[in-house]
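Each chain, written out:
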Amino acid sequence: MMQVQSRADLICDISQFLFREARYADDHRYEDWEALWAEDGVYWIPANGDDIDPERQMSIIYDNRSRISLRVKQLLTGKRHTQEPQSRLRRIVGDIELVKADASELHVACNTIIFESALRGDIIWASRNEFVLRRHGDDFRIARKKVALVNNDKAIFTMSFLV
Amino acid sequence: MNMLARNPEWGDLIRRDRVRGDLYRNPSIFQLELERIWYRTWVYVGHESEIPRPHDFVRKSIGLQPILMTRGPDGHVHLLLNRCTHRGNQLCAKEQGNAVTFTCPFHAWNFGSDGRLVGCAFPDGYEGLDKNAHGLGRVPRVASYRGFVFGSFATEGPSLEEHLGGAAETLDRLALTSPEGEIEITAGFLKHRVKANWKFILENETDGYHPAFVHSSIFAVADSGIGSLYGAKSTALTRDYGNGHTELDLRPEFRKRDVPLSWFGTTAQRMPDYASRMNRAYGDAKARQIMIDGTPHVMIFPNLFIAEIQMFVIEPLAVEDSVQHVTALQFKGAPDLNRRMRQQTMGSVGPAGLLLADDSEMYERTQRGVHASDTDWIFLGRGEHRERHDDSGFTVGHATDEVPSRGIWRHYRALMEQS
Numbered sequence: 001m002m003q004v005q006s007r008a009d010l011i012c013d014i015s016q017f018l019f020r021e022a023r024y025a026d027d028h029r030y031e032d033w034e035a036l037w038a039e040d041g042v043y044w045i046p047a048n049g050d051d052i053d054p055e056r057q058m059s060i061i062y063d064n065r066s067r068i069s070l071r072v073k074q075l076l077t078g079k080r081h082t083q084e085p086q087s088r089l090r091r092i093v094g095d096i097e098l099v100k101a102d103a104s105e106l107h108v109a110c111n112t113i114i115f116e117s118a119l120r121g122d123i124i125w126a127s128r129n130e131f132v133l134r135r136h137g138d139d140f141r142i143a144r145k146k147v148a149l150v151n152n153d154k155a156i157f158t159m160s161f162l163v
Numbered sequence: 001m002n003m004l005a006r007n008p009e010w011g012d013l014i015r016r017d018r019v020r021g022d023l024y025r026n027p028s029i030f031q032l033e034l035e036r037i038w039y040r041t042w043v044y045v046g047h048e049s050e051i052p053r054p055h056d057f058v059r060k061s062i063g064l065q066p067i068l069m070t071r072g073p074d075g076h077v078h079l080l081l082n083r084c085t086h087r088g089n090q091l092c093a094k095e096q097g098n099a100v101t102f103t104c105p106f107h108a109w110n111f112g113s114d115g116r117l118v119g120c121a122f123p124d125g126y127e128g129l130d131k132n133a134h135g136l137g138r139v140p141r142v143a144s145y146r147g148f149v150f151g152s153f154a155t156e157g158p159s160l161e162e163h164l165g166g167a168a169e170t171l172d173r174l175a176l177t178s179p180e181g182e183i184e185i186t187a188g189f190l191k192h193r194v195k196a197n198w199k200f201i202l203e204n205e206t207d208g209y210h211p212a213f214v215h216s217s218i219f220a221v222a223d224s225g226i227g228s229l230y231g232a233k234s235t236a237l238t239r240d241y242g243n244g245h246t247e248l249d250l251r252p253e254f255r256k257r258d259v260p261l262s263w264f265g266t267t268a269q270r271m272p273d274y275a276s277r278m279n280r281a282y283g284d285a286k287a288r289q290i291m292i293d294g295t296p297h298v299m300i301f302p303n304l305f306i307a308e309i310q311m312f313v314i315e316p317l318a319v320e321d322s323v324q325h326v327t328a329l330q331f332k333g334a335p336d337l338n339r340r341m342r343q344q345t346m347g348s349v350g351p352a353g354l355l356l357a358d359d360s361e362m363y364e365r366t367q368r369g370v371h372a373s374d375t376d377w378i379f380l381g382r383g384e385h386r387e388r389h390d391d392s393g394f395t396v397g398h399a400t401d402e403v404p405s406r407g408i409w410r411h412y413r414a415l416m417e418q419s
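From first to last, the protein sequence lines stand for chains P and E. Residue numbers are given in our numbering: position 128 of the first sequence equals residue 128, and the series is strictly consecutive. Residue numbers are given in our numbering: position 156 of the second sequence equals residue 156, and the series is strictly consecutive.
Hints are computed from structural coordinates only; laboratory data are not their basis.
The calculated lysine-lysine pairs, modelled on BS3-like cross-linking and capped at a C-alpha distance of 25 Å, are:
| hint | chain 1 | residue 1 | chain 2 | residue 2 |
| --- | --- | --- | --- | --- |
| 1 | E | Lys-233 | P | Lys-79 |
| 2 | E | Lys-94 | P | Lys-154 |
| 3 | E | Lys-286 | E | Lys-256 |
| 4 | P | Lys-154 | E | Lys-195 |
| 5 | E | Lys-195 | P | Lys-79 |
| 6 | E | Lys-256 | E | Lys-233 |
| 7 | E | Lys-332 | E | Lys-286 |
The following label-pair restraints were derived from C-beta to C-beta distances:
| hint | chain 1 | residue 1 | chain 2 | residue 2 | range |
| --- | --- | --- | --- | --- | --- |
| 8 | P | Ser-15 | E | Leu-34 | 50 to 60 Å |
| 9 | E | Pro-105 | P | Asp-102 | 38 to 48 Å |
| 10 | E | His-86 | P | Leu-98 | 45 to 55 Å |
| 11 | P | Arg-90 | E | Gly-119 | 47 to 57 Å |
| 12 | P | Asp-102 | E | Gly-137 | 54 to 64 Å |
| 13 | E | Arg-255 | P | Leu-98 | 54 to 64 Å |
| 14 | P | Asp-95 | E | Ser-28 | 45 to 55 Å |
| 15 | E | Phe-379 | P | Leu-98 | 51 to 61 Å |
| 16 | P | Pro-85 | E | Gly-381 | 24 to 34 Å |
| 17 | E | Pro-252 | P | Leu-98 | 56 to 66 Å |
| 18 | E | Pro-158 | P | Asp-95 | 53 to 63 Å |
| 19 | P | Val-99 | E | Asp-336 | 30 to 40 Å |
| 20 | P | Pro-85 | E | Gln-269 | 38 to 48 Å |
| 21 | P | Cys-12 | E | Pro-66 | 46 to 56 Å |
One side of the interface only, derived from the structure: several residues of chain P facing chain E at Cβ under 7 Å:
| hint | residue |
| --- | --- |
| 22 | Met-58 |
| 23 | Ser-59 |
| 24 | Ile-60 |
| 25 | Ile-61 |
| 26 | Tyr-62 |
| 27 | Arg-67 |
| 28 | Arg-80 |
| 29 | Ile-156 |
Predicted model, so just to flag it, every value in this text is computed and none were measured. By construction, the Cβ of each residue, glycine as well, lies at the ideal position given by its N, Cα and C atoms.
Turn these sequences into a full structure, and let the hints steer you where they fit.
Rendered as structure tokens:
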């Protein structure tokens, strides 16, 4: 139970969850990745700054839960040309901080570096990620994932893998 | 560059129904394009609504040249070269904002939002400096149509209206989707870079042959109603307006459906506020027709693409490097329509777009493909046998025919032959 869980244990559990999420994305385990999302999950990659209003301004991704599902379904068709062949991916998730925790939600921040090798060439992506996680039994579900790319103000190449 | 490279036999590179791969990969040809297309013809730069107030500015480009689009103190729109006239330093590094003056960080020369030189630091170091001769460089001809601002580096030549020709009507049509008759560009741009020549993007915008294949993954999982527009049985048209402007005219399909806002995958019942504003603005009958016809799908040569719900601007960086700038079109007085425009745009375009990431994949693969041989043609003959003229005399063809590519290359060749 949460009351008896130490903060160190909690951070360890969160870290393990983030590593799993990263691994599913790297390994293109699309359905496993999608199953990590809460029913009202929002997946957000802003453009032109980290703190724009996604309801007014263009974002690279601003998916509600049904669009996350659509994105995954498209990848599963096997005809998403930009991911056929799939990008080879490895990412490092680090500097994990528990920013805020209450009974229902955990606000977590981390830094991520992704190495992508695709037909186009090799690209390194870097971002500050912010998660809102919800407890789900012994596990978590993602209520919100924000990926603030370091270069989101620049012209960037296609990023069609799960970021 | 030697004389031969400056004056290739264009007829050896461009035929009526085929072009050489060299046109997409030869750096000398890219240089000639800068000179004869980007720095000569009318090029789209920005929209007036991006700089609504006096002293507003936004950074833009024409070809490789950095441009500041500003609104001067009197409300006049200027296209200024973003280069200090002292030692050539980039004057403004901010993407956009409001500035009465721009001060160069190098030696503090100071320019007004209209481009005039206001002053320079330690002025007693100059004797009789002619301030008028040291204002910011400017694009010699600036003109706007329906708020779309174009610039031409040629001091003389066809007017913007002459350049737009029949395609101007598509921008008129676009404005009708607003109950106030105005388009706004206010949602910021996604900037999607591709390792491909800019002309692959230009030609793809009105290619109705590819969607059934390139976008089959999204058509298979989303009931967007787009797929049938580009099928073998489609009644939609490809159109060549001349001057390189081309259109995919989807109205025949939307008129067959005869359902207002079907073009946008919705209904008037689901957008009651918008529908009633349209009815008030245009009267029920005309509003209904506008909402059936939808917005145009038109490529204004060389770099402005209106894709029904979004606007693309093509920026060439190098022979095999380009950027697609894209934003949701916004229509004055249509907040509920605009919200959906933004949502649909974010889903479909940009680096992670459910549609555009696949188009961009094709641009990059075709770019690699054209390196395979210097003798192979790219064949653009689809539908030549069934070309016809519409009531206005423009060449039209089936939705999947290569009428647009042939039109683009005819105009391209005419521009490139003017040395």
